[in-house]
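Heads up: the sequence shown at position 300 corresponds to 299 in numbering that gives the first Met the number 0, and the numbers run straight through without jumps.
Derived by calculation from the structure, the hints in this document are not laboratory data. Do not take every clue at face value.
Unchecked claim - Have a look at the derived ranges for each label pair, beta carbon to beta carbon:
hint, residue 1, residue 2, range
1, Pro208, Asp169, 36 to 44 Å
2, Leu321, Arg396, 25 to 33 Å
3, Asp342, Ala395, 16 to 24 Å
4, Asp62, Asp154, 15 to 23 Å
5, Asn151, Glu399, 29 to 37 Å
6, Asp264, Glu375, 28 to 36 Å
Keep in mind the model is a prediction, meaning the values are calculated, not measured. We put the CB at the ideal spot given by N, CA and C, even for glycine.
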Amino acid sequence: MKRLITILFLFGLLMAVTAGSALSETIGEGKEHPCIHIVTEDGQPVLSREDYVPAEVKVFNCDASYEMSAEGGVRVRGNSTAEQGEEKPYRIRFEKKQNVLGLHEGRKYRNWVLLRTYWHLCPDYMGFKLAETIFGGRYYSSDCMFVNLYLNEKDLGIYLLCEQNQAAKDRMDVYEPEEGETRTDIGYLLEMDNYPDDEHPGFIIGEKPYVEDIAGRKRVVKQTYYAIKSDVTGSEQEQYIEAWLKGVYGVLYEAAEFGGAMRLDENLRLVPAEDMTAFEAVNELLDLESLADMLILEELVQNYDVGGGSFYMAIDFSADSLYRKLTFMGPWDLSWGYKEPADGGFYAATFQNHIQGMDNSNPWFVLAMKLDGFREIVRNRWKALSKSGALTETTARVLEDIEDLAGDLGAENAEKLENGRKIVEYVNARIRWLDGQWGAEE
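Produce the entire structure from the sequences given, and follow the hints as far as they go.
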């Protein structure tokens, strides 16, 4: 009798294991693109934007060399995007550094992001691919890949796997101080951020008097909050970068509005720079090539959020600095774009229309575009990009990539694919309009 009970127990256990395996095998069945399956501890839901849920992250349906299973945590990420609908963006933090699907030339990091693809499929994908082309390896932008995402065996559909915008080697690589190191000549990663939090210190650059943009619109430049996204270890560093950035902004403002050349003295106060022009004074502090590249990108995607948040810049005062001037890079959150008419004028380069009562204009772009020298940098960069065919080659590749998703999307998401095609059409039309403005047709 005992033997029979044992046999029945073992048979039941075998059946349970077999059933579990069969269930797991259905995950990713019929999918053509890589799959990521997040299995949380005890099947917990992922609801918090602050607390990570312990999880196992499985990567499969890909080249065998990229298959993996690693422990970590997952949480909801984002702000407005986290509040819209059931489809949530997620942030993964592995216990140990991992590479996922070969992104960023196989480099390993703890932090990765899964972005929703929305109703128009490729807003961020298009932006990241354009950034890759425009930057040409000179400045950081996230690598990315479409994946099928599962959470506790639930198919969440097509997501965009990409990198976390952060201070890290080969991402935005600034010198971060050791604990107890209070010197101010370190690196600072900053984000123009419309969602201040307690995790990152920050400061406000206040309003300036009325400014007239290149389109003739007059507006008071709004107050803007800047979060310090790299590590700082004391108030001295926070106070230093606040004073420095306010001073740099003051130099740009004086040059753009009054044609005055100013510099920062040893106490970070604005003083006349009689030995240089206004443009030279700005160029001494800002990496204007990076600002021009970012402007071109933002004009192409017509991003409403261009001055609202997710606008990154870095400066590094350390000996081995990669950013000796204020450098703009790391484009992010490009989903709120592609809406206004493609031939409707400049967007990033001018004051934006108020959206839901908010002014999301970008003061760095608005002011810099008033400088003849900066406009020349933009025009020359645009001519080189447009005449090379690199931009239209990029949009063609994006179209191929989203068409390739048709099988995994299924017939029920045909409209999503069609909306993705419209984004490609929009950017191509935007290229043609900007050609007429910046002389590529000459």
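Item to check | Hints not upheld, ascending by number | outcome: Going through the list in order, the structure violates no hint and respects every one.
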